[in-house]
Amino acid sequence: MVQSIVLSGLAIGCIYALIGITYNVMFSASRVFSFTAGTLGMIGGVLGSLFILRMGMPIPIGFLLALAGGALLGLVTEIVAVRPVLKSLDQHLYVLSTLALALMVQQFTAIEWSTEAQPFPRLLGTARSAFDEQFWLPMLACLAVIVGLELLYRHTLIGRAFLAIAEDTYAARALGLPERSLRMTSFALAGAIGALAGFAGGEMLLAFFGNAPLLTFYGFVPVALGGMGNNRGAVVAGLLLGLFQQSANFLVGGIFASVAVFTVFIIVLLARPEGLAGAALQRRV
Amino acid sequence: METLTARWRASRANGLIATGAIGTALPFLVLLAVGVLFPLFGGGYWGVIATRAYIYWVLVSGLNLVVGFAGQIAIGWVALLTLGAYTTSVLTAGNVMAPLPPYLALAIAGVVGAAFGLIIGLPALRLRTFYFAITTLGFATIVTQVALAWQSVTGGGVGVPGPIFPEPFSSQWGFYYFCFGLAAICTWMTVNVGASRFGRALTAIRDAEVAAEACGISKPALLRTVFLFSGAVAAIAGGLFASLQSYITPDAFTLDLSILFFISILIGGRGSVLGPLLGTILLTALPEFAAPLVAWSTFLYAVLLLVIVLAIPGGIAEILDFKNRRPLESDRAIIPRPDLLPRLLGAPAPAAGAGALTLEGVALSFGGVHAIEDLDLQIQPGQVHGLIGPNGSGKTTTLNVISGYYAQQRGTVRLNGTALPVFDRPERARMRIARTFQTPRIVGSASVLENVMIGATIDGRATFVESLLSLPRHRRDEVMLRDAAMLALAAVGLERLAAVRADRLQHSELRFTEIARALVLRPAFLLLDEPAAGLSADEIRRLGALLLAISRSGTGVLLVEHHADLIFDICHRVTVLNLGRMLAAGTPAEIRSHREVVHAYLGG
Numbered sequence: 000m001v002q003s004i005v006l007s008g009l010a011i012g013c014i015y016a017l018i019g020i021t022y023n024v025m026f027s028a029s030r031v032f033s034f035t036a037g038t039l040g041m042i043g044g045v046l047g048s049l050f051i052l053r054m055g056m057p058i059p060i061g062f063l064l065a066l067a068g069g070a071l072l073g074l075v076t077e078i079v080a081v082r083p084v085l086k087s088l089d090q091h092l093y094v095l096s097t098l099a100l101a102l103m104v105q106q107f108t109a110i111e112w113s114t115e116a117q118p119f120p121r122l123l124g125t126a127r128s129a130f131d132e133q134f135w136l137p138m139l140a141c142l143a144v145i146v147g148l149e150l151l152y153r154h155t156l157i158g159r160a161f162l163a164i165a166e167d168t169y170a171a172r173a174l175g176l177p178e179r180s181l182r183m184t185s186f187a188l189a190g191a192i193g194a195l196a197g198f199a200g201g202e203m204l205l206a207f208f209g210n211a212p213l214l215t216f217y218g219f220v221p222v223a224l225g226g227m228g229n230n231r232g233a234v235v236a237g238l239l240l241g242l243f244q245q246s247a248n249f250l251v252g253g254i255f256a257s258v259a260v261f262t263v264f265i266i267v268l269l270a271r272p273e274g275l276a277g278a279a280l281q282r283r284v
Numbered sequence: 000m001e002t003l004t005a006r007w008r009a010s011r012a013n014g015l016i017a018t019g020a021i022g023t024a025l026p027f028l029v030l031l032a033v034g035v036l037f038p039l040f041g042g043g044y045w046g047v048i049a050t051r052a053y054i055y056w057v058l059v060s061g062l063n064l065v066v067g068f069a070g071q072i073a074i075g076w077v078a079l080l081t082l083g084a085y086t087t088s089v090l091t092a093g094n095v096m097a098p099l100p101p102y103l104a105l106a107i108a109g110v111v112g113a114a115f116g117l118i119i120g121l122p123a124l125r126l127r128t129f130y131f132a133i134t135t136l137g138f139a140t141i142v143t144q145v146a147l148a149w150q151s152v153t154g155g156g157v158g159v160p161g162p163i164f165p166e167p168f169s170s171q172w173g174f175y176y177f178c179f180g181l182a183a184i185c186t187w188m189t190v191n192v193g194a195s196r197f198g199r200a201l202t203a204i205r206d207a208e209v210a211a212e213a214c215g216i217s218k219p220a221l222l223r224t225v226f227l228f229s230g231a232v233a234a235i236a237g238g239l240f241a242s243l244q245s246y247i248t249p250d251a252f253t254l255d256l257s258i259l260f261f262i263s264i265l266i267g268g269r270g271s272v273l274g275p276l277l278g279t280i281l282l283t284a285l286p287e288f289a290a291p292l293v294a295w296s297t298f299l300y301a302v303l304l305l306v307i308v309l310a311i312p313g314g315i316a317e318i319l320d321f322k323n324r325r326p327l328e329s330d331r332a333i334i335p336r337p338d339l340l341p342r343l344l345g346a347p348a349p350a351a352g353a354g355a356l357t358l359e360g361v362a363l364s365f366g367g368v369h370a371i372e373d374l375d376l377q378i379q380p381g382q383v384h385g386l387i388g389p390n391g392s393g394k395t396t397t398l399n400v401i402s403g404y405y406a407q408q409r410g411t412v413r414l415n416g417t418a419l420p421v422f423d424r425p426e427r428a429r430m431r432i433a434r435t436f437q438t439p440r441i442v443g444s445a446s447v448l449e450n451v452m453i454g455a456t457i458d459g460r461a462t463f464v465e466s467l468l469s470l471p472r473h474r475r476d477e478v479m480l481r482d483a484a485m486l487a488l489a490a491v492g493l494e495r496l497a498a499v500r501a502d503r504l505q506h507s508e509l510r511f512t513e514i515a516r517a518l519v520l521r522p523a524f525l526l527l528d529e530p531a532a533g534l535s536a537d538e539i540r541r542l543g544a545l546l547l548a549i550s551r552s553g554t555g556v557l558l559v560e561h562h563a564d565l566i567f568d569i570c571h572r573v574t575v576l577n578l579g580r581m582l583a584a585g586t587p588a589e590i591r592s593h594r595e596v597v598h599a600y601l602g603g
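The listed protein sequences correspond, in order, to chains B and W.
If you read the first sequence in numbering that gives the first Met the number 0, its first letter stands for residue 0, the second for the next number, and so on.
If you read the second sequence in numbering that gives the first Met the number 0, its first letter stands for residue 0, the second for the next number, and so on.
It is worth saying that the hints were derived from the structure and are not from the lab.
This structure is a prediction, so every number in the text was calculated from the model and none was measured.
Just so you know, not all the hints are guaranteed correct.
These stretches of chain B come out as covered by chain W in the derived footprint (C-beta under 8 angstroms, 3 or more residues) [unchecked claim]:
#1 104 to 118
#2 203 to 217
Partial list, computed: chain B residues near chain W (C-beta under 8 angstroms) [what the hints assert, rightly or not]:
#3 F32
#4 V84
#5 V94
#6 A99
#7 L268
Where is the CB? At the ideal position from N, CA and C, for every residue including glycine.
Bound conformation, chain W alone:
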């Protein structure tokens, strides 16, 4: 009976999501139909404008993954357009070697673009936002200067003719459909990626980088992939652009174009594909409706950018998000279903087989402050281990050492006898150590379900390319991740909120969302940083029952808490810290009667 209801609930939630999928596809289908039928209505001039919009979109679709999804402020992307335009044109014109067929030249441009996309992107892996913005800007200036100076190849200020694609794409409408087809493919591919574990991981890097690392997401690897893709499509857009212009000079590639691309994405809304697509169409067509404003177009884009940033940071996508404007139930309670945990976490492991998580003589000081000193700790699988102590006693520091945010100066942390590498957060997830945070770190613009799916990112098997093309393994991943996340949400009692934007949740719901995100990793060890803070008495009680059930499934739980009642109710063992040193360790009963502890901490 229980499982039936659960299944019914899960399928209802899935149904909700499925109708959502049709709703999401509809605007794209409308745009597709308009694009296919456009030559029937539009005149020749409008055909050129539309073609230009498609070409821009080919570039923006890739840039959208960098800017909109990953949140990297890449301003100078026109550099890659320039690069692609010149590579294609120079290779087809035969300035450096025998002329190549345009398709081959375009493909080579794509490869060159991917390489340079990676080079431009590399600084983003190490530098802060403004630094990265400035380096892309610098790169854009330099590419134009090189194009101007390298006369023997690029023709300098005189320029070089653009490629002409052979029949059937040589006529105006032929080329229109060629660009339209590529734009449609780019849309399809980026929609696929956006809805894949890669897209979710990118938004996690953008909005909750620390949590992303704890979920096993490797920022450098992911960003490198995205920069390769984005560079390739940008350069291909450049080749098309050169063909549309029929003759290119460095003047054609002003920074204004870069700004147009960039602003299209922000107007459209970060983390959306439809929004930036509409933004690109809008900004390409806008100057055509107001001819006197052409000179002022970049100025207007800048004004738009300022207005968007200050007034509607969510962009068009947020305005179109009707679903999330419906009010939520006001008196909703979180009722966890611990009975679902065995299905999620697997059968309880035999206690003897699994290894413990141990800290041996761990010490860490910040300047002269000893945050933790010579700490020994052993967390057994299947047990709840409480870590208590006054503020500043080193509880969270201990947790951060275990999960790799701090490196201990002495001592080792071992899992099952193997020392954990310092600072390697994603490796913790691969070793099935999950954690939550003192202040919940959630992707506010993503749904609760998507947030929980982020937790199991490393369990996906499909590569980025498989996700781009929506191949079977990608689809299997998605089903698997979705099912696991729904189950985890049901287990913590939030499945009714699965489709809701996470930033609409109450504080206590965010705490349980984080626990669900940690649970989908099927953790061998779960580290919780004050999970009861801000919860009501009822919620704390349910949390306690949930944590006990988690430990019964074989997971070792480290619980950093201030609520003494919760600790004493559910912990198998308790360690008390004071000023970075272990004050006492033992069973709750022993700790309760420990004289120093009672004196120093429990107040008695």
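So that you can see chain B by itself, here it is in the shape it has in the complex:
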């Protein structure tokens, strides 16, 4: 009992953390929170099921294509919904444009794929056990992304360029960094990470268009609590969220678990709008 709560809690927490990282990677490159973050997770699951179950592709190919699909959607987000409104960042038009794009993808999926949750393939076909692949696959994916991003940011030139852009866009541009292509790369990377979250969590969440708004919300909680742009904060907060939600699920039932998560989220945000990790105030006058 306790074991299954902890396992499923950590697994779902890893998915939330990955969506949180998706938000962060996009945010670092553009100062924009995109509503498409959860949609990317949903698309990862749907594309996985589409390629592997419906079209019968081998799993590795289906996996790569699902990631490519996510990266493509990330690129589309940047081109259609982010770039045109970057000039007037203070008007918050990005909230509306990314919302519109997220809705379009979500509705398209509902109509062309299915409005019902569809099965997701058993990826490794291991025997069912307490420590099942559906639990450890999201954890593995999360670990891989954290290590991968850490290596990218620390040890590659392009990773350092990402950090420079995130730190100070104007200074980075003044240094001659190709801001636009770095931003596009970031969005593609974020898209792939989001799709990976949905793919690795596919056995738990299934291929369902309705996952998009849920992931958009629950994936943002770790960002808000962990501090925006802070991946480590997102992972810790994501895992805590998953554990909290699953234990509340088992103890008081699903609905009240959602209410509890929401209430905690609001209270924490009202008490500390900058997130638990903290961030500086901006100059206004």
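We have chain B; now place chain W onto it with these hints.
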């Protein structure tokens, strides 16, 4: 003779505005007539569609104040529709207690809705845009889940019957007129609020929040009121919706509905009532004209939203705004009329009676940078006090400390001996301290006159409810604010542009608009942050004469400037800052001959 011309000019401007009022009312009257006569033409099915549009509008009219006027991105407003629908239905069905009459249930739903509107809205007071959007979205998901799970009350997935309103509203057309009447009342009320000081204050919060605070507008108080109203009408719309559906299940309240409400407002145009009204009608009727598209309707709404955001951010309202497409005169000059100032600001106060604005040992550092250190400053009423110094010497920081945007770490700022509370910007306006900004902060979509009226928001006496219902005190407020604003505009020389959208003005005109906005507050102290920047030599000269006249009416003026000539021409006293410290203080003549100042700053 002078006053006659002024009066004539003012009345002409008022006349312009009055014809504008008839022009604004006309589309509503047409819609009213169409709505009343609709049952003569429309078939039964179209009656249902029209009723649905009215119900949606009851909700959208309130949401419009939140989204369109205040600019808060509230996406999940369907939650309040759900709440109102279930409250009304459950109370009339008698699931929890003895069945109540539908009207009483609807009224209770309104109260519950107001409370939840406030709860959903509270995060907007502290959180940034995206956070607030996400919390409303989360709330919408949770309300549906609760409706699904709380079977004993809501009937869970099976649902609960909606209320039936008694005669004469039980028949289809009876219910049609009931909803139509409520929609008409909501339209009337929100038009009233939109054109009141509350509506203007909301747009100021949306487009120029910093300036709104300096005008004494308290964002939390205002938004709380608007969330209460918006929640109440949304829940009432929910009760009507349940009655129209005759049976409700959680499935009826999808997020798609929320999106429809939200997009109606954006398509209509922010800060308008007519636009969102047309938007609501359009989006409700649209799927009926294209039956095969029903499944795709939310997708189409999303496409529309994207197109609006990227291509026509002003929405329908901007397309319909013919008045502001007429070209403006090209070679217009700003000719201030300082002679009007005594009428606006009152007779000159006796110099001895009014207190000074003083800074004592004020210090503020950002990290390791000392922005200002141990600054003493005394601004006397009726005098122009110049504050000069090189870039980064702490001039604007000083101004921001006085007006409450920064809190000093040491020292005090006193007005007439009373210490000013740190960070309380609206309190500055109540103490009659007005300011302008280095980059003018103006509501671009509002007219110049409306922008200036924002400056005197705190002088209005009518409450929000009085404005909703257009009671006498509200109308008196409006006349008073309008007259004061016209006078201020005439005084700075912009009365000919009163009816023009502010974002069409030239830079120098925006600077004078800000001064007019500060003047309608009848300030005891006026703080100006580089008012001459970007002005022509002629304009600077007229500005100088205007500022001198303002000081002669008893107002103390703090002038932060780079134009040394202007400073030396009009200031009674000058303080020179360098690297956050006071370098010198004295009369212009003393400063001009101060060796260090000449060396460090004036270049000699």
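Evaluated hints:
Beta-carbon proximity to chain W at under 8 angstroms applies to 3 residues in the region 104 to 118 of chain B; the threshold of 3 is reached and the given coverage holds. Only residues whose beta carbon comes within less than 8 angstroms of a beta carbon in chain W count, and the region 203 to 217 of chain B has 4; three or more means the coverage holds. A least Cβ separation of about 4 angstroms between F32 of chain B and chain W falls short of the 8 angstroms threshold, and the interface hint therefore holds. Hint on V84 of chain B holds. Least Cβ distance to chain W is approximately 7 angstroms, under the 8 angstroms limit.
Interface hint status for V94 of chain B: upheld, as the beta-carbon distance to the closest one in chain W is roughly 5 angstroms, under 8 angstroms. Against a cut-off of 8 angstroms between C-beta atoms, the interface hint on A99 of chain B holds, since the closest Cβ of chain W lies about 4 angstroms away. Given hint, L268 of chain B at the interface with chain W, holds; its Cβ is 6 angstroms from that chain's nearest Cβ, closer than 8 angstroms.
The structure fails none of the hints (numbered hints given earlier).
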